[in-house]
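2 protein chains.
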Amino acid sequence: MSAFLDALRERLGEAGLLVDGDLAAFEADWRKRYVGRALAVARPASTEDVAAVMKLCHEHRVAVVPQGGNTGLVGASTPDDSGQQLVLSLSRMKRVREVDVSNASLTAEAGCVLADVQAAAAGAGLLFPLSLAAEGSCTLGGNLATNAGGTQVLRYGNARELCLGLEVVTATGDVWHGLSGLRKDNTGYDLRDLFIGSEGTLGVITAATMKLYPQPKDRLTALAACSSLDDAVALLSLARARAGDALTGFEVMNHSSLALVARELPQLAQPPGPAAWTVLLELSDAESAEHAHGVFEGLLETAVERGAVQDAVIAQNLAQARSFWHLRESIPLAQAQAGLNIKHDISLPVSGIPGFVAEMDAALAAYLPGVEVIDFGHLGDGNLHYNVQAPAGIDPKAFLSAHEGAINTLVYDAVQRRGGSISAEHGIGRLKREELAARKDPVALQLMRQIKKALDSQGLMNPNRLL
Amino acid sequence: MSAFLDALRERLGEAGLLVDGDLAAFEADWRKRYVGRALAVARPASTEDVAAVMKLCHEHRVAVVPQGGNTGLVGASTPDDSGQQLVLSLSRMKRVREVDVSNASLTAEAGCVLADVQAAAAGAGLLFPLSLAAEGSCTLGGNLATNAGGTQVLRYGNARELCLGLEVVTATGDVWHGLSGLRKDNTGYDLRDLFIGSEGTLGVITAATMKLYPQPKDRLTALAACSSLDDAVALLSLARARAGDALTGFEVMNHSSLALVARELPQLAQPPGPAAWTVLLELSDAESAEHAHGVFEGLLETAVERGAVQDAVIAQNLAQARSFWHLRESIPLAQAQAGLNIKHDISLPVSGIPGFVAEMDAALAAYLPGVEVIDFGHLGDGNLHYNVQAPAGIDPKAFLSAHEGAINTLVYDAVQRRGGSISAEHGIGRLKREELAARKDPVALQLMRQIKKALDSQGLMNPNRLL
Numbered sequence: 001m002s003a004f005l006d007a008l009r010e011r012l013g014e015a016g017l018l019v020d021g022d023l024a025a026f027e028a029d030w031r032k033r034y035v036g037r038a039l040a041v042a043r044p045a046s047t048e049d050v051a052a053v054m055k056l057c058h059e060h061r062v063a064v065v066p067q068g069g070n071t072g073l074v075g076a077s078t079p080d081d082s083g084q085q086l087v088l089s090l091s092r093m094k095r096v097r098e099v100d101v102s103n104a105s106l107t108a109e110a111g112c113v114l115a116d117v118q119a120a121a122a123g124a125g126l127l128f129p130l131s132l133a134a135e136g137s138c139t140l141g142g143n144l145a146t147n148a149g150g151t152q153v154l155r156y157g158n159a160r161e162l163c164l165g166l167e168v169v170t171a172t173g174d175v176w177h178g179l180s181g182l183r184k185d186n187t188g189y190d191l192r193d194l195f196i197g198s199e200g201t202l203g204v205i206t207a208a209t210m211k212l213y214p215q216p217k218d219r220l221t222a223l224a225a226c227s228s229l230d231d232a233v234a235l236l237s238l239a240r241a242r243a244g245d246a247l248t249g250f251e252v253m254n255h256s257s258l259a260l261v262a263r264e265l266p267q268l269a270q271p272p273g274p275a276a277w278t279v280l281l282e283l284s285d286a287e288s289a290e291h292a293h294g295v296f297e298g299l300l301e302t303a304v305e306r307g308a309v310q311d312a313v314i315a316q317n318l319a320q321a322r323s324f325w326h327l328r329e330s331i332p333l334a335q336a337q338a339g340l341n342i343k344h345d346i347s348l349p350v351s352g353i354p355g356f357v358a359e360m361d362a363a364l365a366a367y368l369p370g371v372e373v374i375d376f377g378h379l380g381d382g383n384l385h386y387n388v389q390a391p392a393g394i395d396p397k398a399f400l401s402a403h404e405g406a407i408n409t410l411v412y413d414a415v416q417r418r419g420g421s422i423s424a425e426h427g428i429g430r431l432k433r434e435e436l437a438a439r440k441d442p443v444a445l446q447l448m449r450q451i452k453k454a455l456d457s458q459g460l461m462n463p464n465r466l467l
Numbered sequence: 001m002s003a004f005l006d007a008l009r010e011r012l013g014e015a016g017l018l019v020d021g022d023l024a025a026f027e028a029d030w031r032k033r034y035v036g037r038a039l040a041v042a043r044p045a046s047t048e049d050v051a052a053v054m055k056l057c058h059e060h061r062v063a064v065v066p067q068g069g070n071t072g073l074v075g076a077s078t079p080d081d082s083g084q085q086l087v088l089s090l091s092r093m094k095r096v097r098e099v100d101v102s103n104a105s106l107t108a109e110a111g112c113v114l115a116d117v118q119a120a121a122a123g124a125g126l127l128f129p130l131s132l133a134a135e136g137s138c139t140l141g142g143n144l145a146t147n148a149g150g151t152q153v154l155r156y157g158n159a160r161e162l163c164l165g166l167e168v169v170t171a172t173g174d175v176w177h178g179l180s181g182l183r184k185d186n187t188g189y190d191l192r193d194l195f196i197g198s199e200g201t202l203g204v205i206t207a208a209t210m211k212l213y214p215q216p217k218d219r220l221t222a223l224a225a226c227s228s229l230d231d232a233v234a235l236l237s238l239a240r241a242r243a244g245d246a247l248t249g250f251e252v253m254n255h256s257s258l259a260l261v262a263r264e265l266p267q268l269a270q271p272p273g274p275a276a277w278t279v280l281l282e283l284s285d286a287e288s289a290e291h292a293h294g295v296f297e298g299l300l301e302t303a304v305e306r307g308a309v310q311d312a313v314i315a316q317n318l319a320q321a322r323s324f325w326h327l328r329e330s331i332p333l334a335q336a337q338a339g340l341n342i343k344h345d346i347s348l349p350v351s352g353i354p355g356f357v358a359e360m361d362a363a364l365a366a367y368l369p370g371v372e373v374i375d376f377g378h379l380g381d382g383n384l385h386y387n388v389q390a391p392a393g394i395d396p397k398a399f400l401s402a403h404e405g406a407i408n409t410l411v412y413d414a415v416q417r418r419g420g421s422i423s424a425e426h427g428i429g430r431l432k433r434e435e436l437a438a439r440k441d442p443v444a445l446q447l448m449r450q451i452k453k454a455l456d457s458q459g460l461m462n463p464n465r466l467l
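Those protein sequences? They're chains L and Y, same order as listed.
Residue 172 in the working numbering sits at position 172 of the first sequence, and the numbers go up by one each step.
Residue 251 in the working numbering sits at position 251 of the second sequence, and the numbers go up by one each step.
Keep in mind the hints are simulated off the structure, nothing from the lab.
Fair warning: there could be bad hints in the mix.
[Said to hold, decoys possible] The calculated label-pair distances, taken between Cβ atoms and stated as ranges, are:
no., chain 1, residue 1, chain 2, residue 2, range
1, L, S227, Y, G13, 41 to 49 Å
2, L, E161, Y, A289, 51 to 59 Å
3, Y, G13, L, E404, 48 to 56 Å
4, Y, A124, L, S227, 22 to 30 Å
[Claimed, not checked] Just so you have them, the derived chain Y footprint on chain L, three or more residues with Cβ under 8 Å:
no., stretch
5, 10-21
6, 33-46
We put the CB at the ideal spot given by N, CA and C, even for glycine.
Isolated chain L, as found in the complex (with noise of 0.2 Å):
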């Protein structure tokens, strides 16, 4: 080991290798689920840097950990306890290399954090959409290595759906240079979509080229009431053929969850006396404010004439907008500060979801009367954030040790019968390896376990995570 780091230094300078000291920013994720210890970190300022870290690694057998923001939730990011695994840390290479305002596309390196392309795309008049809590800290790279999903995937997409090109260092050591700005390119097999999402496990993203699009001319918010999770589903349906791709947003409360909220976060101003299901609709207008509110306040009305809305409130000014998207976004704090739960990040048919939520309701009520189920999420992407709280009186964490197998395996059971997913955005790593093994396609992990021996034949990167 000592040959290898020394080697490394060589290379990387000083500047580029940690590895006395405190490295516990770099060895444990941000939520303190996943505490490791890693053999040294390697802080490689440019692709040619990264390459010859993998080339070293290669040839000296050593596990690399590809680091981003290290704001993943699913432990893929940082070292496990044995002390042999070298963390890759993209963080100083964070330049971005262009922008392109005619093919509206921006190239940027991996360690760039998703708040300053945000900024680079906006500083050239355009709109760079990825956005999600952590984007003052995660970075592009990160965003990619696991599809980063987020608010704005209703109208543009997941991380896949807005990346042309990358740069990747492969396990070896070899750089592909497969930066493009191109709407279209059949020439082989997709390997960009390939390396997008799959968190590190077959090489090292260093650089992409992402989609822009035009800011739009105004942005309008506004909460809907429903009785009934089909009727928000009609909702959807009814804004998709009116607002067409206008519509940007689309997300679900159930009463639980905002009345945790006002439970948790009294100061937060709140919708009177909360509907079964709140809806949250965000419409981007690429033409004037007066158009948009045209075009909502038509859709909301037949809405309410059929219905499927009982009561709608339209943002009226920015302020107001804001503190809509605040409710929605408080819920997982509010839970926070009301004590441990069960998570689930699913995702179902849209179709699909009226029926699952009534199924899953009625079986966890009862499995244990009394529990509280906090349902919110991204609708319009057929995802739910379907989180389990202890019963009032219960304590939670004894809740979650009596509780969180038996749970995970009712809930988990329903969506693979109704041909979903066990996680929509965040990802496998090592939460849910296990799950994964146990429940995906065979076929389809005989697939992946071939592609990872081809591109990874001595099994060196992030090793027991996701596979």
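Based on these hints, arrange chain Y on the given structure of chain L.
This is chain Y only, laid out in the frame that chain L set:
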């Protein structure tokens, strides 16, 4: 071989296996550029039958050429002349299995003709936007295997972007049950996008779940005259900013293209005195005909004020709109009438197109004075059909045999220097296999070969196509 054919016949029945008689329809592509000889033609009626065929091929080491509507342009779906390759026709698997209106998705088998997929969506009040000239005979499986493009890519993407999930039979005869109506699913490697565009070299797509969209309320078409490609690019940026995703078509045609159509097809209505560049714009409006007109008129007025457009006309009715599209779509026919030419299906970053065309036009004029460039295509996607015709008075056949290699080298060298693609939408197949090997990033080629070997270790899936 006779044991293999007997086993096949036993499994598929007489209707499922063609050995004797006229197999010509399966042995040549529709343009008759690739004429081969098949060992036999298997026509399975179910996914299980496809799996059985593949298992037998694997056991007996028989090479397989999957075939859909056989409308490809690169020779990927017909057998070589060895008489040893089995054609696997998906033509009997043509069921639309499900239309899910609330989820805006549809599941159909690989042999389903594209027009039938479109009709099934329309029957449910929705739009399946993939559209191309061969839609009356090409199949969904072929569209996916080649990642087909077409006229609606600007707004809706290629076949890849329209696909949610796949059912695939592997080279060893296993079935990957990857059909899915999910918009979000981060559970492992993106196998879907790996099979899409792999031209039958990794496995056999047997069914797919595809995205559907709301039908637009109105569709408007316009022609705009621009005096340069720079102006056309400026018009594109303006149209995107004003119309957002309502902009569903943005095609360009150079002066020579329309002059050729006027010469070869004088019966068609021509725009008065074709401009240096004529742009065809299409707007699909989610609201109303009135709204669409307002947006279109405002956009074109601004473009004229800014000098990007010299003159413009909006189609006043459906018949006129069709005549505009018909002009654009008649260019290949006019070219065929005028005789052989050297075709290039290339893409570049949109911002790089004016420079590329100026450079190439000059280089070609210097190489062979009098040569004519028929340059048209999907400017919004950065995709040009940059075709080169013999100078007046020179026999096209002699022109091709003397100059095709040199002109391809001129064009592809310039494309490569500018980060473009030598096959934007048609694929590689046999036609561009050597160009790909010579021009693709060597690390990408190496990764592709590793994946091919991992998923098709015996090399039986459509051998010598693509790779």
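Tested hints:
A beta carbon spacing of about 55 Å between S227 of chain L and G13 of chain Y contradicts the range 41 to 49 Å that was offered as a hint. Our hint of 51 to 59 Å for E161 of chain L and A289 of chain Y is violated, since their Cβ atoms are close to 31 Å apart. The hinted window of 48 to 56 Å between G13 of chain Y and E404 of chain L holds, with their beta carbons roughly 52 Å apart. Checked against the hint of 22 to 30 Å, the C-beta distance between A124 of chain Y and S227 of chain L comes to roughly 26 Å, which is consistent with it.
Given a C-beta distance limit of less than 8 Å, the hint that chain Y covers the stretch 10-21 of chain L is violated, as 0 residues qualify and 3 are needed. Counting residues of the stretch 33-46 of chain L whose CB lies closer than 8 Å to any CB of chain Y gives 0, so the stated coverage by that chain is violated, three being the minimum.
Violated hints, in rising order: 1, 2, 5 and 6; the structure is consistent with all others.
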